[in-house]
Amino acid sequence: MKQWLNPRSTLGITLIVVALVALPFVAAMGGQAWVRILNFAILYVFLALGLNIVVGFAGLLDLGYIAFYAVGAYVYALLASPHFGLHWPFWVILPIGAMVACFFGVLLGSPTLKLRGDYLAIVTLGFGEIIRIFLNNLNAPINVTNGAQGITMIDPVAIGGLKFSGTTQIFGFSLSGPQKYYYLLVALAILVIIINLRLQNSRIGRAWQAIREDEIAAKAVGINTRNIKLLAFAMGASFGGIAGGIFSAMQGFVSPESFSLTESIMILAMVVLGGMGHIPGVILGAVLLSILPEALRYGVGPIQMALFGKMLVDPESVRMLIFGLALVLVMRFKPAGLWPSPERKRELQGDA
Amino acid sequence: MKRRRKAPFPHIAVDLRLMDIFLQQIINGLVQGSIYALVALGYTMVYGIMGLINFAHGEVVMIGTLVTITVAGTMIKAGMPVVLAGFAGISVAVLVCIALGWGLERIAYRPLRNAPRLTPLITAIGMSIVLQNMAMIIWGRNYMTFPPLFPKIQYEFAGANFTAVQVIIVLVSALTMGGLLLLVYRTKLGMAMRATAQNPAVASLMGVNINRVIAAAFVIGSALGAVAGVMVGSYYEIAHYQMGFMLGLKAFTAAVLGGIGNLGGAMAGGILLGLIEALGAGYIGDLTGGFLGSHYQDIFAFIVLIGVLMFKPSGLFGEKTGDRA
Amino acid sequence: MADALLEARDVAKHFGGVKALRDVSLTIRRGEIYGLIGPNGAGKTTFFNCMTGLYVPDGGGFIFDGAPLLADAPHQAAERGIARTFQNIRLFANMTALENVMVGRHVRTKAGVLGAMLQNTATKAEEAAIQQRAVDLLHYVRIEDRADDLAKNLSYGDQRRLEIARALATEPKLLCLDEPAAGMNGTETAELRELIDGIRRDGTTILLIEHDVKLVMGLCDRVAVLDYGALVIEDVPAVVQKDQRVIEAYLGA
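From first to last, the protein sequence lines are chains A, B and C.
Residue numbers for the first sequence follow our numbering, so the first one is 1 and each next one is one higher.
Residue numbers for the second sequence follow our numbering, so the first one is 353 and each next one is one higher.
Residue numbers for the third sequence follow our numbering, so the first one is 678 and each next one is one higher.
Source of the hints: derived by calculation from the structure; they are not laboratory data.
Yeah, the Cβ is synthetic: ideal placement off N, Cα and C, and Gly gets one too.
Do not rely on the hints blindly, as some may be mistaken.
[Unchecked claim] Partial selection, computed: residues in chain A whose CB lies under 8 Å from chain C:
1. ARG198
2. LYS219
3. GLU263
4. PRO293
[To be verified] Straight-line C-alpha distance at most 27 Å; calculated DSSO-like pairs for lysine-lysine:
5. A:LYS114 with C:LYS891
6. C:LYS787 with B:LYS664
7. C:LYS787 with A:LYS334
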């Protein structure tokens, strides 16, 4: 399982490190917008790996994952913006965001985790909508969330004297705001990858897999299935909360619009399309699905202009159309995902 | 999409307000509920037979609405009689949706029969995105006006108002659902469908053509969806390429509420959801002392759903699928 | 009785109008192999499921190792020391044989999420112990050479053995086997018999539900017969075999 992290040669790992370090500079050649796209890709890797614990490891279909992300984002926004006049440091808020998200996870999970898979899916989906609707409307009679306008001027991350907004000179290099966030995000992503790997090969990880395989048998060997499932749910929620906090700080602005059901579905699609339960696959899925729509955004318009000399159809819809088709086609030809774990692949071949 | 509920009527006497709102909201809820029920049937049939949440069903409904607008709207503009235009619009919409449902199953879902459980779900989500954006390319991103196919007559009963369109929606839904029940419980195809829902492997051994049964579920569900699409269009008088999403979501919720896979459950769940939403929207302000307003209407569906499933994990009318050791 | 490990007291269970269990009372003593037999549909598996917490009995209850068993809490039954196998084998099909047994250690180990994330010494030591114990158990049921194969790729007989190894991993006081010889040929049954005998010798009490009357009579210290959900007789095999009611039940009077 771990062999991909322990590459056969030191060369491989060196190359990866060099590539990870150099990437924001390469991207910056195409403009800071590309660095931001890169940052979002890594944020999605983080989110997808969080959801992977719930869906991939424990086999619980969660269609409302974005709700926890939203909770984390708003906790950060409320505690570090002029909205309430609070400006707490990010390393205090991030754990709070994780804990609040975790609390919501347990709140939702404890009554609903006994439901069978598809029912759980719709309940989590409904929960996601409830959170979004509240965020949208909790501006009256007491203005908590500032409604649809969202919260602006959120403090950026600051570690010691280093502010993550604006450009800084370090060792003769000039680092832009997005580039600094990039390194923070990579560090967090590596952390979540390690946590995922360790969980997978642990007592708890095996219990999750056992529940996924046969819940009754899992109960019979003494696994408290409800608690173990709840654990997966709470962990996934906490990761969502952390990701939300970073999103808030990075954007400087949050509004309910960022937390629609489409986002939940997108993250689920990353997990499934990449290869559910298989960490490298999930990373691949997250990177592909976050970059692809952006790449299409830059591609579809100009290509039309070049081919027909004018815009025939709205590039936005063509972009999403291609995205939808890509989902369908990948599922058709790689039903276990683009990069499934060896076991999943065997599982599928066994069934067919 | 934000759908606007018909505004309360200004002439309602103040002291009778609560009671009048009650009747009014019951009527509104019944109408909305009939539409939910029609759409929910599409979800529940497919789920009952093959265990798939056909996420794209809401888009089928949306396309039904938009096709009707194009066909009937063009014919009315060309000066043809409204009755003829309406009939043509509905027929074409039903045919297009049937083709769409059949095609979806044949092209997207059938190759995935033996795939892992989540694979067809992602495919369904993908198809939903594809259909939505195709609709946007064809019909544009603006709201479209639904042609007035039914006479604009307003009735009053005990202080509550309702329109001919509302009556028609309830009647058509009732008739369609009755027809469906006859089909499922009185015909050979219906028997094959019920058998497949019980146990596909055994049904297939008994000579049931599973492919045909599944295709039939999609075709019938889509036809009902097209009818629902026409009803939604007539009711709200506007349509939009994104309208299918929330409608589909609510309808699916209704199906789960009633016990998914159960036809009667989907119907009851749909009506119930419509009523809960309407009454909830009408009274939430009073119940919470003005703290929560009617824009919280959309959360009722989900709160009720979570509540019901906590106590009846298989839905209100669902069969108990107990653990078997 | 001082030597009683499990006492069932007036256990009743019905499904709709069907009375699957009618006030069944029986006692399993420490260290014995106890057979539960009866025609198809007599209520043997229902009894099992009530005892292991999968079903909630409609009446009566169980006293295990001196304290009542909670209904509706299968994982607690395992914690208290009741392990079981299933009539239609329920392994974690896409996990390896070794992993299946390692899952069985769950209830006797305690590493949590934090331990897994930090990989501290205690967690690592526990993980190593889990693995070692699992290897030993595979050895014990003689399928150690299949350790890295997926459970679903094991032969039928090996799957039965793996399920027993997984149950033993929970360190049960009472091991309940639900028709372990079903579908086995003569040689396999003989080997199974040897295995069950060995487990008992190593100190685990065994409850055996079986169709194979010969196996039960040869192996068990005492036997209970269920028919139509009611206990017909509970005695040593020699007595049970000659009982008129048992003969009638089996021949269908």
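Results of checking the hints against the structure:
1. Below 8 Å, beta-carbon pairs count as interface contacts, and ARG198 (chain A) has one with chain C at about 5 Å; its hint therefore holds.
2. Satisfaction of the interface hint for LYS219 (chain A) is found here, the shortest Cβ-Cβ separation to chain C being roughly 4 Å, below the 8 Å cut-off.
3. A distance limit of 8 Å between C-beta atoms decides the matter here; for GLU263 (chain A) the minimum to chain C is near 26 Å, and the interface restraint is violated.
4. Proximity of PRO293 (chain A) to chain C is violated relative to the hint, the smallest CB-CB distance being about 33 Å (cut-off 8 Å).
5. Between LYS114 (chain A) and LYS891 (chain C) the alpha-carbon distance is near 42 Å, which puts this suggested pair outside the 27 Å criterion.
6. Using a Cα cut-off of 27 Å, the hinted pair LYS787 (chain C) and LYS664 (chain B) is violated, with the two alpha carbons roughly 34 Å apart.
7. Proximity of LYS787 (chain C) to LYS334 (chain A) is assessed by CA-CA distance (about 38 Å); at most 27 Å being required, the pair is judged violated.
Going down the numbered hints, you'll see the structure goes against 3, 4, 5, 6 and 7, while the others check out.
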